[in-house]
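**Student:** Okay, here's what each chain looks like letter by letter:
There are 2 protein chains.
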Amino acid sequence: MGTGVQRTTRRQLLSAIALAGGTAALYQAMTTLGHAAETQFTGPPNLSGARKGATVLVLGAGLAGLLAAYELTKAGYKVRILEFQNRAGGRNWSLRGGDTYTELGGATQKIGFQPGNYLNPGPWRIPHHHRTLLHYCRQFGVALEPFIQFNHNTYIHSSTAFGGKPVRFKAAKADFEGNVAELLAKSINQNALDEAVTAEDRERLLEALRGWGMLDKDYRYVSSLRASAHRGYERPPGGGVNGAPIPSPLLDFHDVLDPQVWTSMSFFMGHEMQTTMFQPVGGMDMIGKAFARQVQDLITYNAKVSRIAQDRKGVEVTYTDTASNTVQTAKADWCVCTIPLSILSQIDMQVTDEMMAAIRAVPYSGQVKIGLEMRRRFWEEDDSIYGGHSFTDQEIGLISYPNNDLFGRGPAVLLGAFAREPGAYWLAGMTPEQRIEVALAQGSVIHPGAYRKEFMTGASVAWSRVPWALGCCARWSEETRKEHYQTLVAMDRRIVLAGEHASYVGCWMEGALLSSLDAITRLHKRALEA
Amino acid sequence: MGTGVQRTTRRQLLSAIALAGGTAALYQAMTTLGHAAETQFTGPPNLSGARKGATVLVLGAGLAGLLAAYELTKAGYKVRILEFQNRAGGRNWSLRGGDTYTELGGATQKIGFQPGNYLNPGPWRIPHHHRTLLHYCRQFGVALEPFIQFNHNTYIHSSTAFGGKPVRFKAAKADFEGNVAELLAKSINQNALDEAVTAEDRERLLEALRGWGMLDKDYRYVSSLRASAHRGYERPPGGGVNGAPIPSPLLDFHDVLDPQVWTSMSFFMGHEMQTTMFQPVGGMDMIGKAFARQVQDLITYNAKVSRIAQDRKGVEVTYTDTASNTVQTAKADWCVCTIPLSILSQIDMQVTDEMMAAIRAVPYSGQVKIGLEMRRRFWEEDDSIYGGHSFTDQEIGLISYPNNDLFGRGPAVLLGAFAREPGAYWLAGMTPEQRIEVALAQGSVIHPGAYRKEFMTGASVAWSRVPWALGCCARWSEETRKEHYQTLVAMDRRIVLAGEHASYVGCWMEGALLSSLDAITRLHKRALEA
Numbered sequence: 001m002g003t004g005v006q007r008t009t010r011r012q013l014l015s016a017i018a019l020a021g022g023t024a025a026l027y028q029a030m031t032t033l034g035h036a037a038e039t040q041f042t043g044p045p046n047l048s049g050a051r052k053g054a055t056v057l058v059l060g061a062g063l064a065g066l067l068a069a070y071e072l073t074k075a076g077y078k079v080r081i082l083e084f085q086n087r088a089g090g091r092n093w094s095l096r097g098g099d100t101y102t103e104l105g106g107a108t109q110k111i112g113f114q115p116g117n118y119l120n121p122g123p124w125r126i127p128h129h130h131r132t133l134l135h136y137c138r139q140f141g142v143a144l145e146p147f148i149q150f151n152h153n154t155y156i157h158s159s160t161a162f163g164g165k166p167v168r169f170k171a172a173k174a175d176f177e178g179n180v181a182e183l184l185a186k187s188i189n190q191n192a193l194d195e196a197v198t199a200e201d202r203e204r205l206l207e208a209l210r211g212w213g214m215l216d217k218d219y220r221y222v223s224s225l226r227a228s229a230h231r232g233y234e235r236p237p238g239g240g241v242n243g244a245p246i247p248s249p250l251l252d253f254h255d256v257l258d259p260q261v262w263t264s265m266s267f268f269m270g271h272e273m274q275t276t277m278f279q280p281v282g283g284m285d286m287i288g289k290a291f292a293r294q295v296q297d298l299i300t301y302n303a304k305v306s307r308i309a310q311d312r313k314g315v316e317v318t319y320t321d322t323a324s325n326t327v328q329t330a331k332a333d334w335c336v337c338t339i340p341l342s343i344l345s346q347i348d349m350q351v352t353d354e355m356m357a358a359i360r361a362v363p364y365s366g367q368v369k370i371g372l373e374m375r376r377r378f379w380e381e382d383d384s385i386y387g388g389h390s391f392t393d394q395e396i397g398l399i400s401y402p403n404n405d406l407f408g409r410g411p412a413v414l415l416g417a418f419a420r421e422p423g424a425y426w427l428a429g430m431t432p433e434q435r436i437e438v439a440l441a442q443g444s445v446i447h448p449g450a451y452r453k454e455f456m457t458g459a460s461v462a463w464s465r466v467p468w469a470l471g472c473c474a475r476w477s478e479e480t481r482k483e484h485y486q487t488l489v490a491m492d493r494r495i496v497l498a499g500e501h502a503s504y505v506g507c508w509m510e511g512a513l514l515s516s517l518d519a520i521t522r523l524h525k526r527a528l529e530a
Numbered sequence: 001m002g003t004g005v006q007r008t009t010r011r012q013l014l015s016a017i018a019l020a021g022g023t024a025a026l027y028q029a030m031t032t033l034g035h036a037a038e039t040q041f042t043g044p045p046n047l048s049g050a051r052k053g054a055t056v057l058v059l060g061a062g063l064a065g066l067l068a069a070y071e072l073t074k075a076g077y078k079v080r081i082l083e084f085q086n087r088a089g090g091r092n093w094s095l096r097g098g099d100t101y102t103e104l105g106g107a108t109q110k111i112g113f114q115p116g117n118y119l120n121p122g123p124w125r126i127p128h129h130h131r132t133l134l135h136y137c138r139q140f141g142v143a144l145e146p147f148i149q150f151n152h153n154t155y156i157h158s159s160t161a162f163g164g165k166p167v168r169f170k171a172a173k174a175d176f177e178g179n180v181a182e183l184l185a186k187s188i189n190q191n192a193l194d195e196a197v198t199a200e201d202r203e204r205l206l207e208a209l210r211g212w213g214m215l216d217k218d219y220r221y222v223s224s225l226r227a228s229a230h231r232g233y234e235r236p237p238g239g240g241v242n243g244a245p246i247p248s249p250l251l252d253f254h255d256v257l258d259p260q261v262w263t264s265m266s267f268f269m270g271h272e273m274q275t276t277m278f279q280p281v282g283g284m285d286m287i288g289k290a291f292a293r294q295v296q297d298l299i300t301y302n303a304k305v306s307r308i309a310q311d312r313k314g315v316e317v318t319y320t321d322t323a324s325n326t327v328q329t330a331k332a333d334w335c336v337c338t339i340p341l342s343i344l345s346q347i348d349m350q351v352t353d354e355m356m357a358a359i360r361a362v363p364y365s366g367q368v369k370i371g372l373e374m375r376r377r378f379w380e381e382d383d384s385i386y387g388g389h390s391f392t393d394q395e396i397g398l399i400s401y402p403n404n405d406l407f408g409r410g411p412a413v414l415l416g417a418f419a420r421e422p423g424a425y426w427l428a429g430m431t432p433e434q435r436i437e438v439a440l441a442q443g444s445v446i447h448p449g450a451y452r453k454e455f456m457t458g459a460s461v462a463w464s465r466v467p468w469a470l471g472c473c474a475r476w477s478e479e480t481r482k483e484h485y486q487t488l489v490a491m492d493r494r495i496v497l498a499g500e501h502a503s504y505v506g507c508w509m510e511g512a513l514l515s516s517l518d519a520i521t522r523l524h525k526r527a528l529e530a
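Read top to bottom, the protein sequences are chains A and B. Heads up, the final residue of the first sequence is numbered 530 in the numbering used here, and it's a clean run with no missing numbers. Heads up, the final residue of the second sequence is numbered 530 in the numbering used here, and it's a clean run with no missing numbers.
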């Protein structure tokens, strides 16, 4: 068939371009041919032919470590993983009823959620373009379900707009777009943009503004059935005698310019935030558990690493078995170290001064997440909100509605806070009980009445107090990237670092996996050359 | 608790307002209090105390008829339903492998889909605010799953822009917003809007435009990592040594103004099109079947109504039992007629001239839907598209990607066309085989190569050729609404009409249900007064 021929030709062309001009030229060509790059993942690495008896020590049984162990074992290496905790998965983690969690400072929470309910303290959503993660989820049998990221019907709340009351996202978005369209149309019609835009494009733009912004025939954005079709009605269309809709009044223009409005709109256009997104059925840790199953015999749990040494022949890691409180050593030819920099910077490590400086250069963020179990899904039943997020400028940052068991009748867990600095610092300084109280008080602003009434129990994780991570994820700045990134990801003799901190997809599982694949590919190459 | 008190007070206030000022005042007050109306549904009707022995004949076992029968039976009426087809559900319909469908004109299709696959020729998605439908789905045990309505990563295709090649929705949307933001910022900075906007709001607006439109520090929208974070990268962020992203080039401004871009953006803000949306697990007809189960003993199938007569004492309907080809009559005190106007206008009916004029005044739309079963989910595997729609200005209108069994490995059914006039007229004039060929040819423009290669079998429904509907749904204009709507929904002595055509939520199941509830509520009132 004709299309088959065309396809082959394109592929041959791309191969030729890649050979001639390298990766950047290839990506350029792909985009030009209508194939924008979705990911740097090009399939699982094709590693094989490890030297007989070659060994690798992997530090950390998070996703980066587990994947490294899995692929290196397939390549023929003898692999061992040392893990500080008594479980695998690392920050890929879910808290369930019956779990106990003790944070730095000593506060212990006994989680009281009903069976089937959970809080994902770390990662909680998967973008459609995180192809590495999606690939291994499929391969390892992790069932995924949609994560409702974008929901027109959630609330926006700002303490400095709309009288401090929540408004529906759709109404704020429609009014922002309507006002922007009206103002730009006015400029065009006043000939203010005659130099910037051709006469033909001015006509096209006016038509576009009217259609996109729901302007009337005079290019005005006014309360009308037309505007209500985007922003919501005073009385929505119905059936029978009283079926006719009634238009809704517009929000105040000054309020519509509140940063909460445009930051929310911009948020949903963010690369990692765009739909479609997914979550594992049953909790995020289904992923960590599935990865761990592939290499379960290789993991030593309760191993607290205190020293990482290397010489020309190999790597020696000293660790304490925290179960027996005995100091032990492990040796290997090579080491893939996935310990978060926040922890690693405190470990005695035989690397170059430049590497040590890189490890110490990157601060960690300290998000706080709070899960609130509610007796019933009042956000669905009373507010017609099924998944998605209501944003607020209060410390809790948002309320996110569960995506599992939509329309369920039993208790469900809301994400009652996803706080970032400075709100996160404030919440981290509190006891778990105090954090719940803040979440209830601030959440009640968005869902008055039901929020406290339906509350059953809560759980919180302040990442700056997580003993085995001391933070949520690496926070690179442009400056630290420039100065330290290439050092951090480069092999330091027999040691290579991997994890979200060794990627440009920071704070995401995908970054950890892509970093891991890149690290082990280079390690394997070096091992064959050595 | 304080919030409990507050809640009661609000409710009491709303009751008082409703008593004093009626429904419109109530809606006004609810909005003011931050409770924009989501629906006209206020719960199932509380009908009871029908006169002993009172009977109702319901014509049509679509959703409106089934609900009328269900609620009137609960209210104490003796109900009978006459249905033309040999199944209930009406336009709530799914075609599956093994089904046979003969359209007007005689063309017969034997559907060849694999087990579990289906095409929903009629309704296929449920908005979150269609509370009547959601209420009864829950009550009747219909399991729902998310319908991925909004997907940033689908394609937009215009034959008059982007060289006729598909572009990602996210890229077109980002570039539209970026250009609009830059132009409006330019106007503001040239003082063109000083009279329209206060100095304070100009500053707020500039900040908003920069943040929303991803403008640089000089308020320009340029190819950059910043813009790429919304529109997609040339090379997306990755891990390890080559992790740094590469920005993508912008689309041509003239092309970004193509109507396909802004109509798509506006589409997703439409009241009925906003997220979250749902579909029944297993096919849309799960709803019709669940409704039918509630009243299954009341339905007479294969009943072709030819005459609807009434006098002061009751209603008499003449119908042909198409199975035995015998003419029969059915009598009742009252009649709820849910037959589509396209059919009803051809039936001998004893109503006022005004009602007959109303019935004949409303034309029906003739959408065409085409289902294409593909060997594998290439849109997921090759294009990272999970659900959602790619829009095109070709006759097929769109390609919509299945929302069930995401990540599945077996064959799946794409919606390969959802054509409206004039494309629908053109496709309806073809044989089913020709329609499939058009869908493949036009779909291949968006997914070259894979589309034809993976195609297995197809099915099409041209609604203008559906024997029992003669169209998809009622197309009211502002003028016909004004002249005929209230007549159409009013009781004509002992007969009341119901269905999506008797609502302002035309073409949606919710309209049929709201219309039905309104109709039977008035019928019940009249019956008690009679």
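Treat the hints with care, as some may be off.
Distance ranges between label pairs, derived from CB positions [claimed, not checked]:
(1) 433/B to 207/A: 55 to 61 angstroms
(2) 407/B to 97/A: 25 to 31 angstroms
(3) 254/A to 434/B: 53 to 59 angstroms
(4) 323/A to 407/B: 45 to 51 angstroms
(5) 407/A to 434/B: 39 to 45 angstroms
(6) 407/A to 297/B: 25 to 31 angstroms
(7) 222/B to 331/A: 50 to 56 angstroms
(8) 108/A to 296/B: 53 to 59 angstroms
(9) 199/B to 356/A: 49 to 55 angstroms
(10) 195/A to 222/B: 56 to 62 angstroms
(11) 318/A to 249/B: 16 to 22 angstroms
Lysine-lysine pairs mimicking BS3-like chemistry, simulated, CA-CA at most 30 angstroms apart [to be verified]:
(12) 217/A to 186/B
(13) 217/B to 482/A
(14) 304/B to 110/B
(15) 74/A to 482/A
(16) 217/B to 186/A
Which residues of chain A face chain B? A partial, calculated answer using Cβ under 10 angstroms [to be verified]:
(17) 100
(18) 150
(19) 187
(20) 193
(21) 208
(22) 242
(23) 253
(24) 259
(25) 270
(26) 276
(27) 353
(28) 356
(29) 380
(30) 422
(31) 522
Calculated directly from the structure, the hints in this document are not laboratory data. Glycine is no exception: its CB is placed at the ideal position from the N, C-alpha and C atoms.
**Student:** All the hints need checking, so say for each whether the structure fits it.
**Tutor:** Hints, one by one, checked against the model:
1. 433/B to 207/A: 55 to 61 angstroms: violated (38 angstroms)
2. 407/B to 97/A: 25 to 31 angstroms: holds (29 angstroms)
3. 254/A to 434/B: 53 to 59 angstroms: holds (57 angstroms)
4. 323/A to 407/B: 45 to 51 angstroms: The hint (45 to 51 angstroms, Cβ to Cβ) is violated, given that residue 323/A and residue 407/B are roughly 39 angstroms apart.
5. 407/A to 434/B: 39 to 45 angstroms: holds (42 angstroms)
6. 407/A to 297/B: 25 to 31 angstroms: holds (28 angstroms)
7. 222/B to 331/A: 50 to 56 angstroms: holds (53 angstroms)
8. 108/A to 296/B: 53 to 59 angstroms: holds (57 angstroms)
9. 199/B to 356/A: 49 to 55 angstroms: holds (52 angstroms)
10. 195/A to 222/B: 56 to 62 angstroms: violated (18 angstroms)
11. 318/A to 249/B: 16 to 22 angstroms: violated (52 angstroms)
12. 217/A to 186/B: holds (24 angstroms)
13. 217/B to 482/A: holds (21 angstroms)
14. 304/B to 110/B: holds (24 angstroms)
15. 74/A to 482/A: violated (35 angstroms)
16. 217/B to 186/A: Given pair residue 217/B, residue 186/A holds - Cα atoms ~24 angstroms apart, limit 30 angstroms.
17. 100: violated (30 angstroms)
18. 150: holds (6 angstroms)
19. 187: Since the shortest Cβ distance to chain B is 4 angstroms, the answer is holds.
20. 193: At 6 angstroms from the nearest chain B Cβ, residue 193/A passes the 10 angstroms test, so the hint holds.
21. 208: OK, holds: residue 208/A within 10 angstroms of chain B, min 4 angstroms.
22. 242: Holds: closest Cβ of chain B sits about 7 angstroms from residue 242/A, inside 10 angstroms.
23. 253: holds (7 angstroms)
24. 259: holds (7 angstroms)
25. 270: holds (6 angstroms)
26. 276: holds (4 angstroms)
27. 353: Since chain B brings no Cβ nearer than about 21 angstroms to residue 353/A, farther than 10 angstroms, the hint is violated.
28. 356: violated (19 angstroms)
29. 380: Since the shortest Cβ distance to chain B is 9 angstroms, the answer is holds.
30. 422: violated (20 angstroms)
31. 522: holds (7 angstroms)
Checked against the numbered hints above, the structure breaks hints 1, 4, 10, 11, 15, 17, 27, 28, 30 and satisfies the rest.
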